[in-house]
Each structure stands twice: as structure tokens, then as C-alpha cells.
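With the hints as extra help, turn the sequences into a complete structure.
Residue numbers (this note's numbering), protein chains in the order written: chain A, 6 to 119; chain B, 198 to 311.
Heads up, some of the hints might be wrong.
Unchecked claim - If you want the footprint, here are the derived chain B segments under chain A, 3+ residues with CB under 8 Å:
1. 278-291
2. 299-305
What the hints assert, rightly or not - A few chain A residues that don't get close to chain B, going by computed Cβ distances all over 12 Å:
3. P13
4. G21
5. N22
6. K27
7. Y38
8. S53
9. N67
10. E87
11. S99
12. E107
13. Q108
Claimed, not checked - With a straight-line cut-off of 25 Å between C-alpha atoms, the simulated DSS-like cross-links for lysine-lysine are:
14. K246/B to K49/A
15. K49/A to K14/A
16. K14/A to K76/A
17. K49/A to K76/A
18. K258/B to K46/A
19. K24/A to K41/A
20. K27/A to K45/A
21. K14/A to K27/A
22. K310/B to K49/A
23. K72/A to K14/A
24. K24/A to K76/A
25. K72/A to K24/A
26. K258/B to K246/B
27. K46/A to K310/B
28. K76/A to K46/A
29. K265/B to K45/A
30. K310/B to K41/A
31. K14/A to K24/A
Honestly, the hints are just simulated from the structure, not real lab data. Each residue gets a CB set at the ideal place from its N, CA and C atoms; glycine is no exception.
One letter stands for each residue in the lines below.
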Amino acid sequence: DTAVSQTPKYLVTQMGNDKSIKCEQNLGHDTMYWYKQDSKKFLKIMFSYNNKELIINETVPNRFSPKSPDKAHLNLHINSLELGDSAVYFCASSQLAGGRGEQFFGPGTRLTVL
Amino acid sequence: AQSVTQPDIHITVSEGASLELRCNYSYGATPYLFWYVQSPGQGLQLLLKYFSGDTLVQGIKGFEAEFKRSQSSFNLRKPSVHWSDAAEYFCAVGGGNAGNMLTFGGGTRLMVKP
Numbered sequence: 006d007t008a009v010s011q012t013p014k015y016l017v018t019q020m021g022n023d024k025s026i027k028c029e030q031n032l033g034h035d036t037m038y039w040y041k042q043d044s045k046k047f048l049k050i051m052f053s054y055n056n057k058e059l060i061i062n063e064t065v066p067n068r069f070s071p072k073s074p075d076k077a078h079l080n081l082h083i084n085s086l087e088l089g090d091s092a093v094y095f096c097a098s099s100q101l102a103g104g105r106g107e108q109f110f111g112p113g114t115r116l117t118v119l
Numbered sequence: 198a199q200s201v202t203q204p205d206i207h208i209t210v211s212e213g214a215s216l217e218l219r220c221n222y223s224y225g226a227t228p229y230l231f232w233y234v235q236s237p238g239q240g241l242q243l244l245l246k247y248f249s250g251d252t253l254v255q256g257i258k259g260f261e262a263e264f265k266r267s268q269s270s271f272n273l274r275k276p277s278v279h280w281s282d283a284a285e286y287f288c289a290v291g292g293g294n295a296g297n298m299l300t301f302g303g304g305t306r307l308m309v310k311p
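Now the structure itself:
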């Protein structure tokens, strides 16, 4: 059973489009995250979310928004896509919030904006 | 603000040789420290973690790491490298309250020569 899954694995789209990436975890964790990994492999936290609190990295443009229909899902919506949004996006989850607990990562979604 | 530095972007070792990957962190209190490994095209997998107690921690796949508070370091070691260890390795620091996120270093790419 996959602990943290993401769909799609690859996403190719045009500038200006709106797209979503889905994430599901079956670990029963309370907190989920979205990370962006750029072409140089640098990992940047975008969002941390549990049923009580959304924490947003202040450097993330407001074109990005997380949506959580329930505790097991945290989807990433991106509006008006730009070339610089091309990256690999990772979803993760943990039992403990913040930087205190082990995070389990999904396989990633490679987004290419043309 | 917390930060993590991995001074070596690339390291090449021969199969069977020992390995040490460096990690230095900056954090205002007792840190929670992690090492993750990322194989090509995959998500991140936790190798080991340090929260408190014994400063030498054992992880999966024969890896270990030593927390040295005086040097603000958490170096990863393995006595004998296998070809399958070739991957990207990330050190991360977290801790504190729930609002404190995990911060990753820039990664070290390990290549293994036959």
C-alpha cells in the first residue's frame, strides 16, 4: 500500500493555465505539506496544513493554494501558471506538526510549463 | 532563522570505501535533525533522525550519524558504500513548536565508482 500518493506523476501545460495536483495519505497523519524542488534539487516548503492551521511560506505566490477536503487529502491548485513554476512538487505528511516529526514523502509530480 | 548547509554538492567514492557527508545547521534551540535520501525520480526516504539522547544514531541501510552540538554538525557516515547508495542526500533541521517547519540543506549528490 502506498503511504503518500500523488497524481499526476507528470504534468505538462501551457503558461496561463490553471492546474491541480492531488495528494492522498493513508497513514492517519494529522499534518500534510507541499514542497517545491527546483532544477538544482533545492527543496522549499510551500505549505504546512492540519485541520487546525494553515501555515504558508511567505515567499509562495498567492497563485498557489492548498485545498483539503478531508484529513487524508491535500491538493495543490495553481492559477495562471508561469514558466518559473516548472519544478517537481512533493507532498508529504507527518504525525507531528512542524519540524518535530518524520515526514513521509510522495513520489513527486513533475510540472513542466511551456 | 534556522538553516542547513551541506558543503559538498557532489561526492564520488569507490564501492567498498567509507563515506562521510557533512551537514552543518543553525538553530536557536535543541534541534531535531534528519537525513533523507532521494533516488533518481523518487521521493525522499528517511534514513535516520536525532531528537535527543545518544548523539550517535543508527539508521537504515547501514547509515549512522553523529550529532555534535559544539560544532553544530550532524554528519552522515557509512563504513562501506554499495553501488546502490548512489543518490541525493538531504540533511534537514526542525523542532520547536508546531509552527516551525522543516528546513532542508541543498543536498549532496553521491556517486559510486565500481
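Against the structure, the hints come out as follows:
1. 278-291: Held - the segment 278-291 of chain B has 5 residues with a Cβ nearer than 8 Å to chain A, which meets the minimum of three.
2. 299-305: Holds, because 5 residues of the segment 299-305 of chain B bring their Cβ atoms closer than 8 Å to Cβ atoms of chain A.
3. P13: Holds: least Cβ distance 14 Å, greater than 12 Å.
4. G21: Fine: 28 Å to the nearest Cβ keeps G21/A off the interface.
5. N22: 25 Å, holds
6. K27: 15 Å, holds
7. Y38: Answer for Y38/A: violated, closest chain B Cβ roughly 8 Å.
8. S53: 6 Å, violated
9. N67: 19 Å, holds
10. E87: Given a closest Cβ separation of 23 Å, the condition holds.
11. S99: 9 Å, violated
12. E107: 5 Å, violated
13. Q108: 6 Å, violated
14. K246/B to K49/A: With Cα atoms ~20 Å apart, K246/B and K49/A stay inside 25 Å; holds.
15. K49/A to K14/A: 19 Å, holds
16. K14/A to K76/A: Answer holds: K14/A to K76/A is near 22 Å, not above 25 Å.
17. K49/A to K76/A: 23 Å, holds
18. K258/B to K46/A: With a Cα-Cα distance of about 23 Å, the restraint between K258/B and K46/A holds, given a limit of 25 Å.
19. K24/A to K41/A: Holds - the C-alpha atoms of K41/A and K24/A are around 15 Å apart, at most 25 Å.
20. K27/A to K45/A: 24 Å, holds
21. K14/A to K27/A: 10 Å, holds
22. K310/B to K49/A: 31 Å, violated
23. K72/A to K14/A: 19 Å, holds
24. K24/A to K76/A: At roughly 21 Å apart (the allowed maximum being 25 Å), K76/A and K24/A satisfy the hint.
25. K72/A to K24/A: Given that 25 Å is the threshold and the Cα spacing comes to 13 Å, the pair holds.
26. K258/B to K246/B: 14 Å, holds
27. K46/A to K310/B: 22 Å, holds
28. K76/A to K46/A: At roughly 29 Å apart (the allowed maximum being 25 Å), K46/A and K76/A break the hint.
29. K265/B to K45/A: 28 Å, violated
30. K310/B to K41/A: 30 Å, violated
31. K14/A to K24/A: With a Cα-Cα distance of about 13 Å, the restraint between K14/A and K24/A holds, given a limit of 25 Å.
The structure does not agree with the numbered hints 7, 8, 11, 12, 13, 22, 28, 29 and 30 stated previously, though it agrees with the rest.
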